[in-house]
Every structure is written in structure tokens, then in C-alpha cells.
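Chemist: The whole structure should be built from the sequences, with the hints applied where relevant.
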Amino acid sequence: MGVTSMKRRPFFALASGLLGALALPTGLVGAAEDSWTTVRAMLFADRAIADGSARMRLEAPARALDAATVPVEIALLPEASSAADPVRRLWLVIDNNPAPVAATFHLYPEAGVGRIETRVRVNAYTPVHAVAETASGTLFAVDRFVKAAGGCSAPALKDKELAMARLGRMKFELLDPFEPGRVLRAKLKIGHPNYTGMQIDQVTRNWIPPDYVTKVDIRLDGKPLLFVEGDISLSEDPTFVFDFLAAKPGTLTAVVEDSSGRRFEERWQIGPTS
Amino acid sequence: MTGSIAYALLLLLVPAGAAAAVLPLEEVAPGLYVHVGPHEDFTPENRGGIANLAFVVGREAVAVIDAGGSPAIGRDWLETVRARTDRPVRWLILTHVHPDHVLGAGAFAEAGAVIVGHERLAEALAARAPAYVANMRQLLGAIFEEPQLPAVGRRVAIGSPLTLDLGDRVLEVAAWPTAHTDTDLTVLDRASGTLLAGDLLFVERLPVVDGSLVGWIDAMSALERIPARRAVPGHGPAAVAWPQALAPQRAYLEGLKQAVRELVRRGTPLSNAVASVPAPTGWQLVEPNHGRNVTAAYVELEWE
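Listed in order, the protein sequences are those of chains A and B. Residues in the first sequence are numbered from 1 upward in steps of one, following our numbering. Residues in the second sequence are numbered from 1001 upward in steps of one, following our numbering.
Just to be clear, a hint being listed does not mean it is correct.
[Stated by the list, open to error] Mimicking DSS-like on lysine-lysine, the simulated pairs with C-alpha atoms at most 25 angstroms apart in a straight line are:
no., chain 1, residue 1, chain 2, residue 2
1, A, 223, A, 171
2, A, 171, A, 248
3, A, 160, A, 248
4, B, 1257, A, 171
5, A, 147, A, 171
6, B, 1257, A, 248
7, A, 215, A, 147
8, A, 187, B, 1257
9, A, 189, A, 248
10, A, 189, B, 1257
11, A, 189, A, 215
Just so you know, the hints here were simulated from the structure itself, not pulled from any lab data.
Modeler: Have a look at this one:
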């Protein structure tokens, strides 16, 4: 360890201490290979992970434009899974972020969710991994490399007061016209600051604890459609654009929980009311 | 390891407080001086000195507006002020949280200046500084020095302007609702009719939206009514005619709002949005800033 590493230590030591079990050990932040090795070991131990490039796509910009908002899309290809062994879980990992696992998506074969776009914070030059797990426990993964945004860009809130004023508000939109039995694209946007917690309260001088969306449970007529476990790497106002299948008109519900114990619930009619 | 040794050697060769250089100045009004920053990203050559910096000299004291983007620039900037006047630097006014304006503040704090900032500046700095410091470490390479983060001594609240008396010269410091950032300040020097607009005014260099696009457009309507004959932009020439100089920025931001609003309405995914809004002409450093602005505008306008 040289001079630069020593100088870097205080901030990261404090930050990673706050971020719970999945935070990386201090010395590994910024070291790409080590970060992935660590996350991989934490999530999957020594299970084999196959190259998933023929079975899924991961879209991420080569360069982050705004460190606070980097769009990332995971799309399962038809080859991804069979009816007998469907994909049940997806992990989105931003290797070099302080809390690398941005989200875990739980999928339900009958719901037809095969494409998910969300936005993440990117702290530094980092590989991004998407890992899929099928019902039988097979793992496969793809990755992309994202270069950092420019010098003035930080993975921070744009306007804290506004973010707090919108806390718990949800906006759901069907981006395709409703047609029974067709795959529809939808967007759910959740008003939440999704605080990283890596900042100090100027009045109390205490570290502000993280405050972020932990669970998003989306259901159609009570049946699970998409369940998301979130973390601080998801951008402010966590947003999910996803494809799903609706055999008939119904009621879509979203229940959101955060790390401070808040719970928000909303419902929307999908298709014409009968 | 090699990098660390090189850095340690550099510390020996260029100790903090090494002889500072004097930066070029333009006197845009009697007693009001501006150092013009180049339209560049942060590089080891410019040492983070890319923003316009200014100071105003009164009968008794000096107020400095913005500190530059690195400790080295901050030291040079303080030296520049001292080469011009022996009156004490009583205030350092930071116009917003961005690193090219604040990371040189340490030299002024050490010299005894009170740091004046938006009421949200301290919190915004705390949240962003780790990312800024990491960015600078990357972008400035071997010349990087750990900046001292300024403690904000005078907080200016939105709606309650602060007046600073320099001795027969009063500055009015106003805090703005979220626009370019959520920590924007402007300084009005009534004696010379000059508005020091910080980054609420970009000239030549493409404006960057890091707060609220709609908020910035609203702020411009209030800004243009400020009675000044000239403005000092945060980026651009030392002085421009006021309020005429707002026009190109207004046209860009209004166009951005309309284009992005339409994309959101059509359901164009964010990942395709950037490519869907044509890059504007007539500006410098369009990329990656335009793409960044489209992204920020998109997530803001999604709530409409």
C-alpha cells in the first residue's frame, strides 16, 4: 500500500462500514477483477457460471453520461430458457460500486417478463455484470464495461427536497396499447431519494444512514409478475421498464418497501374494465 | 506501487505551498477582476483551472468569487489576488458545488477568508466530494493533491439575500432554487452594475443541467430582470452584455425541454433518448454534456 491508498482509506472505510454485509472490503474498491471475484464468491460461492452471451443481452452505455443515472437493460433471448427450466432470477452487479449488487430480479415464467431496463449509479470505471439463474440452478452471465462520467458528475441527488417531497409517489404507464395475450411494455417509476447514506449531516455531524428501496412487488390480479430486491446503486426514483404478458384485463399492484420500514402501495387498471 | 512512489516523489518535489504563479486577469469594471477559464475538461495541463474566477475590491476588503478546481489553482488564484491588492480577502463566495469552482477553496480558508455558500452547499459538498475527489485523482493523475473541503461559514438562504460590505462597495449575494445545481448563488455588484452569475449563465460552453431543467428555465425569467449592464458568466468571456447574453442558453434549454418531453411522451426508452435529440450547434464541449443533459432532463420530465 502506498501513499495514495493510505489517503483514500478514511472515506471508504467509513462508507463501507455503513453499507452492510454486501459492501466490499476497503482495499478492493477500484480494483475491477478483485471486486467481481469478491461479489461472485459472496453470491454464488464456487458454483460454475457459464458465458451467457448467446442467451441474454446486457445493454449499458460505454461511457456513463450522468453518474447518477446510467440506463442498463437486461434482455433474455428465446434461447435463455426452456419451459422445463425457465430463468427465475437475475442479478445486476455494478462491480466497483460500494454496494455492487444493484438489484435482484425474481421472475415468474407465466408472467412473461423477459426484458428489464433500470437506471443505476456508477461511481467509477466499472464492469457491469448480469447473472441469470434457471429453476434447476444453472447460472450464466454477461458483462459490459462502463467508463465513468466527467469530472463534474457525481452519483448524487439532484434536489434532495424535491426527492423527499415525492417520496412514495408512483407512476405507472403502459407503453404499448393493451391487447390480450400480447407482450406489453410497461414503466414503473417510484419517487424515492434512494439515499446512499455516504454523507454527513451538517447539523448533527452524524453519518446519515442509507435510505433506499429494498423491495418492489409487482403483481397482476394478485399473481406475482416481477419482484425486485433493490439497493443503493439504483438511481434516485427507482424506475423499471419491463415486458410482461397479460392474458386479459386486470389490476396491477405495486407494493414498495424501503430500508426505513416505509411501505407504499398503488394499483392500476390494465386494459378495459369489464 | 510505481504510481505511489511517483506520487511520493512528486510531493517532495512540489511541496504544498510551493511558489504560486499569478493568473492572467481582465478588469471588467473598476475594481472587478476576472480570470477566464478555458473551455476544456479537467486535464493535468489546466490543473482543474477551467471556470471563470473573479474578485471585487472595496475600500476595506476583497471578496473572491469561486476558488478554482484544485488546490494548486486555488493557491495561484490567491497569489493573483494578493499581487493586485493588499486589502484582506474577507470572503470567498462559492457559486455552487461543482469541483471546478470549489476545490481550490483550501488556500482561502487558510488565509482567513469566510466561505459564503448556498444554504444547501455544505450538505451537497459532503455528498459529492468523495466522487469529485475520485474523479480528480483519475483526471489530474500525478499532479493530483487531496483538496481541503471548505467549511461554509455564511449560509445564504433562498429568498434572503446576504449583503457583504467591502467598504463603499456592497455585494448582494442571492441563493436560487434548484436550477444549474441545487446550490446556485449569484453576486450583484451594484457599484459597477455587474452580475456575477456563476454557472447560471454559460456562454460559448454548453450549459450543463445538474439540478433541474425546468427550474433553470424558470430561474432565467427572474435572472433577466436583475438590473445589471453586464454579467460575468461561470464559463465564457470575462464579461458579456446583460441580459442579452442569456439568449443562446435559453434557446438551448427550451429546445431540450421540448425535445425530451416529446420522447418521454412517446415512450422512447432512456437508452435511446440520447441519440434521438440532435446535438446543438454553436457550442463548445457539446459531448458528453449534451447526452448528460438529455439524461437528466428525461428523468426529470418523466414525472410530468
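Chemist: Do the alpha carbons of residue 189 (chain A) and residue 248 (chain A) lie within 25 angstroms of each other, as the hint requires?
Modeler: holds, 23 angstroms
Chemist: Against the 25 angstroms threshold, does the CA-CA distance of residue 189 (chain A) and residue 215 (chain A) hold or violate the hint?
Modeler: Measuring from Cα to Cα gives roughly 14 angstroms; hence the hint holds.
Chemist: Are the Cα atoms of residue 223 (chain A) and residue 171 (chain A) separated by 25 angstroms or less?
Modeler: At roughly 20 angstroms apart (the allowed maximum being 25 angstroms), residue 171 (chain A) and residue 223 (chain A) satisfy the hint.
Chemist: Please work out if residue 215 (chain A) and residue 147 (chain A) have their alpha carbons no farther apart than 25 angstroms.
Modeler: violated, 29 angstroms
Chemist: Is the hinted pair residue 147 (chain A) and residue 171 (chain A) satisfied, with a Cα-Cα distance of at most 25 angstroms?
Modeler: Measuring from Cα to Cα gives roughly 31 angstroms; hence the hint is violated.
Chemist: Please work out if residue 187 (chain A) and residue 1257 (chain B) have their alpha carbons no farther apart than 25 angstroms.
Modeler: Between residue 187 (chain A) and residue 1257 (chain B) the Cα gap is close to 21 angstroms, so the pair holds against 25 angstroms.
Chemist: Does residue 171 (chain A) lie within 25 angstroms of residue 1257 (chain B) when you go C-alpha to C-alpha?
Modeler: holds, 20 angstroms
Chemist: Below or equal to 25 angstroms on CA atoms is what counts here, so check residue 171 (chain A) against residue 248 (chain A).
Modeler: With a Cα-Cα distance of about 22 angstroms, the restraint between residue 171 (chain A) and residue 248 (chain A) holds, given a limit of 25 angstroms.
Chemist: Check whether the Cα positions of residue 160 (chain A) and residue 248 (chain A) lie no farther apart than 25 angstroms.
Modeler: Distance of about 40 angstroms is beyond 25 angstroms: violated.
Chemist: Does the alpha-carbon distance linking residue 1257 (chain B) and residue 248 (chain A) stay inside the 25 angstroms limit?
Modeler: violated, 37 angstroms
Chemist: Just to be careful, I want the Cα atoms of residue 189 (chain A) and residue 1257 (chain B) compared with a cutoff of 25 angstroms; is the pair within it?
Modeler: holds, 20 angstroms
The earlier numbered hints that this structure contradicts are 3, 5, 6 and 7.
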